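Mind docking chain B on chain A? Use the hints.
These protein sequences, in sequence, are chains A and B. So for the first sequence, this note's numbering puts the first residue at 1; every next one is plus one. So for the second sequence, this note's numbering puts the first residue at 1; every next one is plus one.
Just to be clear, a hint being listed does not mean it is correct.
[Unchecked claim] Listed next, the stretches of chain A that the computed footprint assigns to chain B, with coverage defined by at least 3 CB atoms under 8 Å from CB atoms of chain B:
id : segment
1  : 25-36
2  : 43-52
3  : 71-78
4  : 86-92
[What the hints assert, rightly or not] FRET-style restraints, in silico, Cβ to Cβ:
id : chain 1 : residue 1 : chain 2 : residue 2 : range
5  : B       : L162      : A       : Q223      : 58 to 64 Å
6  : A       : D234      : B       : W280      : 37 to 43 Å
7  : B       : R243      : A       : E102      : 27 to 33 Å
8  : B       : Y218      : A       : L172      : 36 to 42 Å
9  : B       : T156      : A       : A244      : 52 to 58 Å
Derived by calculation from the structure, the hints in this document are not laboratory data. Since this is a predicted model, take the numbers as computed values, not measurements. We treat Cβ as the ideally placed atom computed from N, Cα and C, and that holds for glycine.
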Amino acid sequence: MLTLNNAGFTQQPELLPFSDQVRPGELLAIVGPNGAGKSTLLSLLSGFRAPHTGQVCLDNISLTHWQRETLAARRAVVAQREQPVFDWRVKELATLGARASETEARHWMHEMDIAHLSSRFAPTLSGGELQRVMIVRALCQLAQTSGLSRLLLLDEPTSALDIGHQQALMRLLQRLTRQHAMAVVCVLHDINLALRFADRVWLMDQGQRIAAGHPDHVLNSSQLAKTYRVELEDIQQGNDRWLAIKR
Amino acid sequence: MKTSTLPLHRWQPHPLGPCQLLLGALLVALVWSLSSGSLGISLPMLRGESSQNAWQVWWQLRVPRVMLGLCVGMLLSGSGAAMQGLFRNPLADPTLLGMASGAGLAVALWIVLIGGSSSAFGLYGQFLAGFSGAFVVGLLVFFIGARGQSASSLFTLLLAGLAINTLAGAGGGVLAFVASDEQLRQLSLWGMGSLANALWPPVIGLLICAPLALWGLYRSRHELDLLQLGELTAHGAGLDAPRLRRRVVLATALGVGISVALAGIIGFIGLLVPHCLRLWLGPSHRLLLPASMLGGAVLLVLADTLARSLAAPAELPVGLLTSLIGGPYFLWLLMRGRPSC
Chain A
1 MLTLNNAGFT QQPELLPFSD QVRPGELLAI VGPNGAGKST LLSLLSGFRA PHTGQVCLDN
61 ISLTHWQRET LAARRAVVAQ REQPVFDWRV KELATLGARA SETEARHWMH EMDIAHLSSR
121 FAPTLSGGEL QRVMIVRALC QLAQTSGLSR LLLLDEPTSA LDIGHQQALM RLLQRLTRQH
181 AMAVVCVLHD INLALRFADR VWLMDQGQRI AAGHPDHVLN SSQLAKTYRV ELEDIQQGND
241 RWLAIKR
Chain B
1 MKTSTLPLHR WQPHPLGPCQ LLLGALLVAL VWSLSSGSLG ISLPMLRGES SQNAWQVWWQ
61 LRVPRVMLGL CVGMLLSGSG AAMQGLFRNP LADPTLLGMA SGAGLAVALW IVLIGGSSSA
121 FGLYGQFLAG FSGAFVVGLL VFFIGARGQS ASSLFTLLLA GLAINTLAGA GGGVLAFVAS
181 DEQLRQLSLW GMGSLANALW PPVIGLLICA PLALWGLYRS RHELDLLQLG ELTAHGAGLD
241 APRLRRRVVL ATALGVGISV ALAGIIGFIG LLVPHCLRLW LGPSHRLLLP ASMLGGAVLL
301 VLADTLARSL AAPAELPVGL LTSLIGGPYF LWLLMRGRPS C
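Chain A with its partners taken away, still in its complex shape:
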C-alpha cells in the first residue's frame, strides 16, 4: 500500500534513505529516542514533506502526484501538540474536514469516549481529551471510502493519555487494522505498547532506521540499551513480555 523507495531527507532533521512497505491490515510502530527522526519520517509518509532522495508511493503512485482531495479520503494524519486557537466546540472540531455521516461521527465519538464532551469548547479540554478529539477527527475524515485501503498516521497519539485510554486507543487501532484492513503507522514512546500491540516495529536512531521487524525481535533489551542508553530488564510471564527499567 505505502511504499518507500530509497526515501530520505538530506536537510536537518536528516533522515538516511531506506526502502520498505506498509501493508493494509498492519499496525506499524515507529520508536526511537528524542530527535531520532520519527516525526520527520512521519511527515514524509504523509506527503507533508517531499523526500530529497527516492520517493514515497501510495498504491504505486508517488504522494506528490496524488490529487489532494483524493489522497485525503485515503490517508489521515494526527499530529502531536496541535492546539486550536479559537473557541471550536468539540463536535465542530471532530468533524472538520470530515466525510463521515453524523451517525458515523457519533459512533467514533463514543468509541473514543468524547461523546459527553461534544458541546465543550476545545480550549477547555485537557491534553488527553484534545488528543482523543483529534483522533476522532482523523477517523471521520477516512470514513466512507468503501473498498479502498486507508492509511492512518499518528504522531505520539498516547503521549497525553492515561493508561486506560492508552489501552483503549491501541485496541481500537488494532481492531481497525484487523476488521477494516486499515494500515496504521504510529509513532510511540512507550516501548511496552509497541511490544504489546504492534505487528511490526521500525526502530530509529540519529536519523537512521537501525532495525525493523517483529516487535519481539527488534525490541530486545540489548538493542534498546544501545539505542536509549538505559539498562532494561526483559520480563516474560506466560505469553506476555514487557520491558522495565532496571533499578
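Okay, now just chain B, sitting in the frame of chain A:
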C-alpha cells in the same frame, strides 16, 4: 468506554440565518444612510419639482459615499477575518502586513513632495498614490513571505509586515517633520480615515476590484477552517496551505490597498467586527467570512452616517468614530481575559 445519549445537536448552524439577518440590517443601514445627511435630502424629495439640485447632490456626493462605505466595510472586515484565520491569531488585522502603512507613506510623499490635492491631479493623485503604495508593499510582502512552502514562512510574512510597518512609519515621520502646517493637516485628516472624498471614478474602480478581492477571501472559507487544525493535520485533510496563503495575501493586498487609498486608515473595523461575530456565530469561517463582510459594511455605513449627522454641517472623521467604538470594546476584551473569542 463510557457511552452517552447526549445529542450532538445541530452540527453546523444554518448558514443563511445570520447572513440573512445581516443583509436585512445592511439594507436598512443603506436606506437610512442614503436618506440622511447635512442637506437633509430624503428619498421622496428626489421625486419633487425642485428635485434637480437635490438629485445632483444625492447622486454625485451621497451615493458614491455610501457605495464607498459599503465596499470598504466589507473589504476591511472580510480581510480581518481572513487574516485572523490565516495567522491563527485573534489579534491579526488587515493592516498587519503593512499595506496600510505603505499606502500612508505613498500618500505622505504625494502630499508633501508633490503638493497633494492642490496639484494638477487633485484628489485622483492621492487615490493613485495610496493604491500604488499599498500595491507595492503587497507585492513585496508576497514575494518575501507568501511563496514559501514551510510553516515558518507564515512568520516570515508576519515579520516582513512588521518591518514594512516600522519603515513606513519612520518614512512618514520624516515627511511629517519637513511638511508645512497645511500639509500636516491634510496628512492627519487622511490618517483619521474618512469617506468624504468619494468621487464616482475611483468608486467605480473600487466597485470593480472589491468583488474580486471579496471572492478571493470567500473562496478560502473552507480552507481557513482546515488550517485551524495545524499545518500537518490540515495537509493530511487535503489543504494546500501555500496556495491558501497566496490567495488570502493577494486578496487582502488588493482589498486593503484600494480601501486605504480611497478612505484612509479606518481603525478597528477589521478587528472589531470579526471578533463580535465570532462570539455570536462561532469560529467557522464558512459563516464567519460572509457574515464579517456584511457586518463590516453595516458598521461602516452606520458609522459614516453618524459621522456626518452628529455634528452637521460639520463632519467627524469616520475612522475616529470606529476607533472610539472599537478602542473601549478591545479593552473590554482584554479585561475579560479571553481575547481569543
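Unsatisfied constraints (hint numbers, rising) = 1, 5, 6, 9
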